[in-house]
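The residues making up each chain are set out below.
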Amino acid sequence: MSEITPSQTVGPFFAYGLAPHSRCDWKPNGNYDWKETAGANLQTPDASGTKIRVEGCVLDGDGMPINDAMVEIWQADAHGRYAHPRDSRARPNTKFMGFGRSATDKNGAYSFDTIKPGSVPGPNSKAQAPHIVFCIFSRGMLRQIYTRLYFPDEAANASDPILLLVPHDRRGTLVAHKEMRSELPVYRFNIRLQGDNETVFFDI
Amino acid sequence: MTLVFPKESLNVFPRHLTPDYRSTVRRSPSKPLIVVPHTLSELTGPVYGHDAVQESDADLTRQHKGEPLGERIIVHGHVLDEDKRPIPDTLVEIWQANACGRYVHNVDQHPAPLDPNFTGAGRTVTDKKGYYRFITVKPGAYPWGNHHNAWRPNHIHFSVFGHSFLSRLVTQMYFPGDPLFPFDPIFNSVTDEKARQRMISNFDLENTIPDWALCFRFDIVLRGREATPQDTDKH
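Protein chains in written order, with my numbering: chain A, 1 to 204; chain B, 1 to 235.
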């Protein structure tokens, strides 16, 4: 057995290395051809399913926008399958990876263009409602925090085995607000690190 | 092989609220985290980055017309799981200040020069043995506003993925013998002495290249170990 390497903060200066083409304004005359390993657009031409946008702000304990956070998301495809060897089911969307990364801008805003995920298997063979796993990093955070986005238009939320573990009065912090922008469904999901209406974070 | 990700392994991580690092005060969850089981959503994770990564991305001294100023160094090591098994094909990303302690990010305005021949970002994918290697220059120390006369020890930021979204790690690699260690609240946010030592690279004379570059070794251990029969019973 070997003990793990401790986490340290991502700090304020990660953008030019981890998210150079994101909304974050790290260089005013930005002309930087470093290709992103992962960006905010997860959609691939061969991905079936409903195209959606997920966006929101990361806010600190005073309700102030955090302009130096990095939001990463991990999700299944429209059929509820993960692009990972541990998910052994056949995968129809071969190019859809389900991973995205967005650094927040001066208003604390992040955004992703993606596909609405399908329902995925959960503990004891119970299905989980469609959701997206969020992992948040920031200056002032010594380790990442995890949360989940759920969709407001899903009856399956009522029986989701993870949501049911969250105190009833806090579940709402995990459910995005839907609005239509032209034909595009946009799911608004703010992440409040602290205070009233603090987002539920998971001990995993 | 079925991997499990015991939460006990996280005991060496810093607390979210570490008041000596002032920015944690308003950026740490104040309500208890909700304990939930690991589902397929957590036990899977990004297998990503290979398309974007080029071999030359691992040499931070060759990204511009000329060579950067500073001490040229090799930083290498293995990415391992808790059973000391190598983690192959995993993305390792780094970013750092230049030799003067200045980042190219426009938020860093402290009065040290930028180096037109150094950006400070690199990345690579581990090989079959979990091995990675970067060539860069040793980053300088720099001041920050946490408290009076606060300086960060020399460090390189690391971002690593591993076998699942639970093994995701962002950390910092330090250099041996740094006199700033006792005064840095970020380094000392890890309260366990042995765990702190795991963030400090080792001077690696054997792999130093004579007349060209010093070498430092930094092994990274991520969450994840093989399930025992006991673990399997629980699932």
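If you are wondering where the hints come from, they were derived from the structure by calculation, not from laboratory data.
It cannot be assumed that every hint is accurate.
To be verified - Coverage of chain A stretches by chain B, computed from C-beta distances (three or more under 8 Å per stretch; other residues unrestricted):
| hint | segment |
| --- | --- |
| 1 | 40 to 52 |
| 2 | 120 to 129 |
| 3 | 140 to 153 |
| 4 | 158 to 166 |
| 5 | 172 to 182 |
Given the structure is predicted, the values throughout are model-derived calculations rather than measurements.
By construction, the Cβ of each residue, glycine as well, lies at the ideal position given by its N, Cα and C atoms.
Going down the list of hints, with the structure as the test:
Using a Cβ-Cβ cut-off of 8 Å, 0 residues of the segment 40 to 52 of chain A lie near chain B, which falls short of the minimum of three, so the contact claim is violated. Beta-carbon proximity to chain B at under 8 Å applies to 5 residues in the segment 120 to 129 of chain A; the threshold of 3 is reached and the given coverage holds. A stretch counts as covered by a chain when three or more of its residues have a beta carbon under 8 Å from one of that chain; for the segment 140 to 153 of chain A and chain B the count is 8, and the coverage holds. Under a criterion of three residues with beta carbons nearer than 8 Å to beta carbons of chain B, the stated coverage of the segment 158 to 166 of chain A is upheld, 4 such residues being counted.
Residues of the segment 172 to 182 of chain A with a Cβ under 8 Å from some Cβ of chain B number 0, which does not satisfy the need for three, so the listed coverage is violated.
Hints 1 and 5, counting from the list given before, are not met by this structure.
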